[in-house]
Each structure stands twice: as structure tokens, then as C-alpha cells.
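> Take the two lone chains and join them into the complex the hints point to.
Protein chains in written order, with this note's numbering: chain A, 98 to 206; chain B, 2 to 206.
These aren't lab readings, by the way, just hints derived from the structure by calculation.
Take the hints with a grain of salt, since some may be wrong.
Among chain B residues calculated to face chain A with C-beta under 7 Å, some are [unchecked claim]:
no., residue
1, W30
2, A34
3, V38
4, L43
5, L75
6, I184
7, L206
Chain A stretches covered by chain B per the calculated footprint, using a threshold of three residues with CB under 8 Å from any CB of chain B [stated by the list, open to error]:
no., stretch
8, 109-122
9, 141-149
All residues carry an ideal CB built from backbone N, CA and C; glycine is no exception.
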Amino acid sequence: MATAEHKHPNYMAIFWYLAILTVIEIAVIYMPLAKFTIGVLLCALALGKAVLVAMYFMHLRFETRTLGMVAITPLVIATLLVFVLLPDGFAVMKRTTGAKAAATEPAKR
Amino acid sequence: MSQVASMHGAVEPAESPLTPESWGKLGMWIFLAGDAVGFGTLLAGYGAMRATSADWPSPYEVLGINLTAAMTFLLICSSVTMVKALEWLGKGDKTRANRFLFFTALGGAIFVSLQAYEWTHLIHRGLHINGNPWGASLFGTSFFLVTGFHGLHVTGGVIYLLSIMRVVARRPSPAASYNAVEITGLYWHFVDLVWIMVFTFMYLL
Numbered sequence: 098m099a100t101a102e103h104k105h106p107n108y109m110a111i112f113w114y115l116a117i118l119t120v121i122e123i124a125v126i127y128m129p130l131a132k133f134t135i136g137v138l139l140c141a142l143a144l145g146k147a148v149l150v151a152m153y154f155m156h157l158r159f160e161t162r163t164l165g166m167v168a169i170t171p172l173v174i175a176t177l178l179v180f181v182l183l184p185d186g187f188a189v190m191k192r193t194t195g196a197k198a199a200a201t202e203p204a205k206r
Numbered sequence: 002m003s004q005v006a007s008m009h010g011a012v013e014p015a016e017s018p019l020t021p022e023s024w025g026k027l028g029m030w031i032f033l034a035g036d037a038v039g040f041g042t043l044l045a046g047y048g049a050m051r052a053t054s055a056d057w058p059s060p061y062e063v064l065g066i067n068l069t070a071a072m073t074f075l076l077i078c079s080s081v082t083m084v085k086a087l088e089w090l091g092k093g094d095k096t097r098a099n100r101f102l103f104f105t106a107l108g109g110a111i112f113v114s115l116q117a118y119e120w121t122h123l124i125h126r127g128l129h130i131n132g133n134p135w136g137a138s139l140f141g142t143s144f145f146l147v148t149g150f151h152g153l154h155v156t157g158g159v160i161y162l163l164s165i166m167r168v169v170a171r172r173p174s175p176a177a178s179y180n181a182v183e184i185t186g187l188y189w190h191f192v193d194l195v196w197i198m199v200f201t202f203m204y205l206l
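Only chain B is shown next, with the shape it has when bound in the complex (with noise of 0.2 Å):
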């Protein structure tokens, strides 16, 4: 029997096969699935404004990808933090396990961060909610929109990270909050798989 399963086996047990070995992943996974369908259904008239518009922009050489591309690699680098800090955890070492959590919230801060200097940049060249020197006026507004709410989910990432380091500490043995650490990766994991799709969607086509 592997440390881990044993693990989740002391914190809720399982009930059959099919489900999962934890209801709060389950509930967890639940969200995310409700949560894409929100960002697909953004992305997906996104897609039909441009498609319809006759003067849309090339998001690429008005936006710029080079600070959007740095992004991209940090929350990159983020998820591998959080996948280490439940690495350690994992292996019984809440101070490391915590170090690499408070790694992975200071990553999604910097993000938050470079996101909030992009905007304002932007802003100065005339790139508004409701109009934009370059063309479609809707584009300046989907672009706040979309971004807007990814950085939202980042922001909220990170105050949920910060909680769980408080719930790592406390708790007094780390197998007691490896279910709630594996939880919040999950979140975090899937705040970067949006923005992939977000970088790819609304920056790089």
C-alpha cells in the first residue's frame, strides 16, 4: 500500500470503484468542468465577433507577445511549484511543502501584476472597453473581458493558496491536508490551462 493511498484512505473513504477517492476532488472537478464551459462559452463568441467583423485587428501586433510569452512561462513555472509543494508534502515535510505553495502564490501574484502593467499600457495607446484606434471597437472589449476574468481566477488562485499554507501549518500532521493541497492544485492547474488557451486564442491567432 502506497504512503498516499493510505493517506486518502484516512481522510474519506472511498465508496466504490467509480468514484473518486475524495469528494472534494470530485466537487472540485465538478467546478472546473462548469467553470471551462464559462471561459469556453467567452472564447467561443470571441470567436464568432472576430469571424463576423470586418475590421478586427491582428491581436499580435497590437497587443504584443513578448511580455504575454514572459507570462506564459511564469504560470508555467507556477504549476510545477504547486506540483512540487504536493511532492513534499506527499514525502511528510510541511515546511518545504509550504515554501513551494507561497513559490506558487507569489507567481500568480507577479502575474496578476504583470497583467494589471499590460492593461494600463495598453490603456495609454487608446485600447478601450467600448474603442480602439486599430479597427472593431468590440475587440478592445472582449480583450478586457476575457483577460479580465482569467486575471480575476488568478487573483482568487492566489488568496486561495495563501489560505491552504495556513491550513498546512496548522494541521498537524501533513497527511491531514495533502487531500486539501491536491484540491487547490487542481484549481491552480486549471487557471493555467485557461490561460494556454487564452495566450493561444486571444493573443497568438
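Here chain A stands alone, though its shape is the one from the complex (with noise of 0.2 Å):
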């Protein structure tokens, strides 16, 4: 009954975790930090979560290496697709912030 026992970890310890999780993140937003903290907490904690539920609950930490492989490829993907965003993000963000101190220049003077 070795690999039975494998096969099942202590799944109420990740539901404890994964709870915790989510109250740590409702609590992150609320705290006096930089924007840019939270928002870089945030993404670490769902990885974090995400990580648990697929590594314990879909069992891919007992899985076989092909499994795996396929289960990492959505996450190169999103990857890649950052950097595809990024260069449309950045010349709109430019042009934006430029009309904004455009529109609020005059206002100053």
C-alpha cells in the first residue's frame, strides 16, 4: 500500500494552506505598501496556490515526466505572449502619459 499512501498526500494540510494563501492576499492589499510590491506579492501568491493545486490536488507530483512536460507548456506560452504584449504596452504608455502632461501643462502655467 506504499504508492497508495504516495498517491494521496495530506490533502486537508493543502486546503489549509490554500485558504491561508487567500486570506494572506486580501490582506496584502490592504497594507501600506509601494503599488508595485503588492502587485509583485499578489503574482507570487497565486503562482504559489497554483502551484499547490496542480502539484498536489491534479497529482502532477506523482505523474510521469510526459505529463509534466505538457503541463509546463501553457506556462512558456503566457511567457512569451508577456513579451509579444510588450512592445504595443510601451507605445500606447508613452503616448498616453504624453497627452496627459500635455492636457495638464497649460493648467499649471
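Here it is, written out as C-alpha cells:
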């Protein structure tokens, strides 16, 4: 029965980790931190929760390498996607901040 | 030899050490990987629109996160009932397994109902698909698109779970439906995983 034990991790412990991480996430947005720090913390917490669900609830930790490769593919694609969107994002951001500066400048004078 | 491993062997034999013990499982993982790219694209698009908008509202101030936090908790609980269902099936108890499958489906149904309630509430407050009182009109568009796409997944999951309950009830031996229930579990946990991402990126951030 050793393999069966291995296949069933302590689900209640994972549940409590997930619940606690969710509470921390909600606490983080009310903390007096820089917006960037909050963003990084939230992303890290969400990723941690996602990994817990995939590894233990979806048993990825106890699966073959093939399934691991399949599971990691969307992560790679998503990372590439961010880089694809970056140039567009920066271009529009420059334009909107430029427009904002132009709009506020006459008011200052 | 464990009971579980021998069950899988009886259903679908493995071909090589690299392939998983069930082709159905590999199929579900490939589907989920594709679905994850779909959600990833939606969230990345959301991020790009938000980063380039000058008047994007602060989501957690506008949407309110108390109800959504409860919904998140509910979905995590339904993931636990799902693994319990599989555990009972592994122990050979069809009745208990089906009871936990029903709890999981119930959790999903309550989740969708709460989402419908939330949507109604937000629509009454002026959040529409083509505009809202707080700023960028794309805020409403992306909100309904992403949460709606996830809600559809939950609805599909509830139907899937109810159908699998019939499979478990009909097949004489619990071992015969173990693989099917495990694959259903993969889908259900994935829906939970996606909600974790949606909750973080669309409500908290």
C-alpha cells in the first residue's frame, strides 16, 4: 500500500495552505506598501496557490514526465505572450502619458 | 502492488515508462494545456489593456471582494470534496464517492449562482459590457468576458460531474470508474486553479 499512500498526499493540509494564502492575499491589498510591491506579492502568492493545486490536487508531483511537459507548455507560451505584448504596451503607454502631460501643462501655467 | 496501480492496469495498459498509465488522462492534460493558453491569452490581454489605459478603475474598490473571497473559498472546498470522492472510490466505496461527487457539483452550482448574483448587482450599479461609471469602458468588457468564460467552465464542470456520477453508479465495480473520476477531478481542479488566477488578476491586483 506504500504507493497508494504516496498517491494521496495530505489533502487537508493543502486545503489549509490554500485558505491561508487566500487570506494573506486579501490582507496584502490593504497593506501600506508600494503598488509595485503589492503586485509582485500577489503574483507570487497566486503562483504558489496554482502550483499547490497542480502538484497535489492534480497529482502532477506523482505523474510521469510526459504529463509534466504537457502541463509546463502553457506556462512557456504565456511567458512568451507577455513579451509579445510588451512593445505595444510601451508604445501606447508613452502616447497616453505624453497626452496626459500635454493636457496638464497648460493648467499649471 | 498497490490497489490503485492495479486498477489502472486493468483499465488501460501503459505502453512505455514515459507515457502515463491512462491515455484519457493524457488527453485531458492536453485539453487543459490548451484551455490554459486560452485563459492566459485573456488575462494577458486584460493586462495589456489595463496597462495602456489612463483611467482604469481600481478593481477591488469598485467590484468589492467580500463575496468573491467567499466564492474562492467555496471553490477550494469543492476541490477538497473532489479529492475525497476519488479517495473513497479508491477504497471501493461507490456510495460515499458519489456523495462527495454530488457535494462537488453542489459547490460548483452555488458558485455559479453567486456569480449570477454578483453580476446582477454590478449591472444594477452601472457596470455594463460597453461602459461603466468609473472609467475605461473596456473594464466592463474584460470583466464580463473573463469571469463569464470561467463561469461557463464551472457550469460545464457541474454537468460533467453529474454525468460521471451516473457512470460510477452504473459500473458494477468501483475500480472500473476510478480512471474516469480521476480525469474529471483534473478538470475540476483546473477550474479552481484558473479561478485563483482570475481572482488575483481581475479583483485583487
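> Compare the structure with each hint and give your call.
Here is how each hint holds up against the structure:
1. With its C-beta approaching chain A no nearer than about 5 Å, W30 of chain B sits inside the 7 Å limit, and its interface hint holds.
2. For A34 of chain B, the interface hint holds, since its Cβ comes within 7 Å of a Cβ in chain A; the closest pair sits about 5 Å apart.
3. Evaluation of the V38 of chain B hint against chain A yields a held restraint, the C-beta minimum of about 5 Å falling below 7 Å.
4. For L43 of chain B, the shortest C-beta to C-beta distance to chain A is roughly 11 Å, which exceeds 7 Å, and the interface hint is violated.
5. The restraint placing L75 of chain B at the interface with chain A is violated, with a minimum CB-CB distance near 11 Å, outside the 7 Å limit.
6. Look at I184 of chain B: its Cβ only gets to about 11 Å from chain A, farther than 7 Å, so that hint breaks.
7. Evaluation of the L206 of chain B hint against chain A yields a held restraint, the C-beta minimum of about 6 Å falling below 7 Å.
8. Counting residues of the stretch 109-122 of chain A whose CB lies closer than 8 Å to any CB of chain B gives 6, which reaches the minimum of 3, so the coverage claim holds.
9. With a cut-off of 8 Å between beta carbons, the stretch 141-149 of chain A has 4 residues touching chain B; three or more are needed, and the interface restraint holds.
In terms of the numbered hints stated before, the structure departs from hints 4, 5 and 6, listed from lowest to highest.
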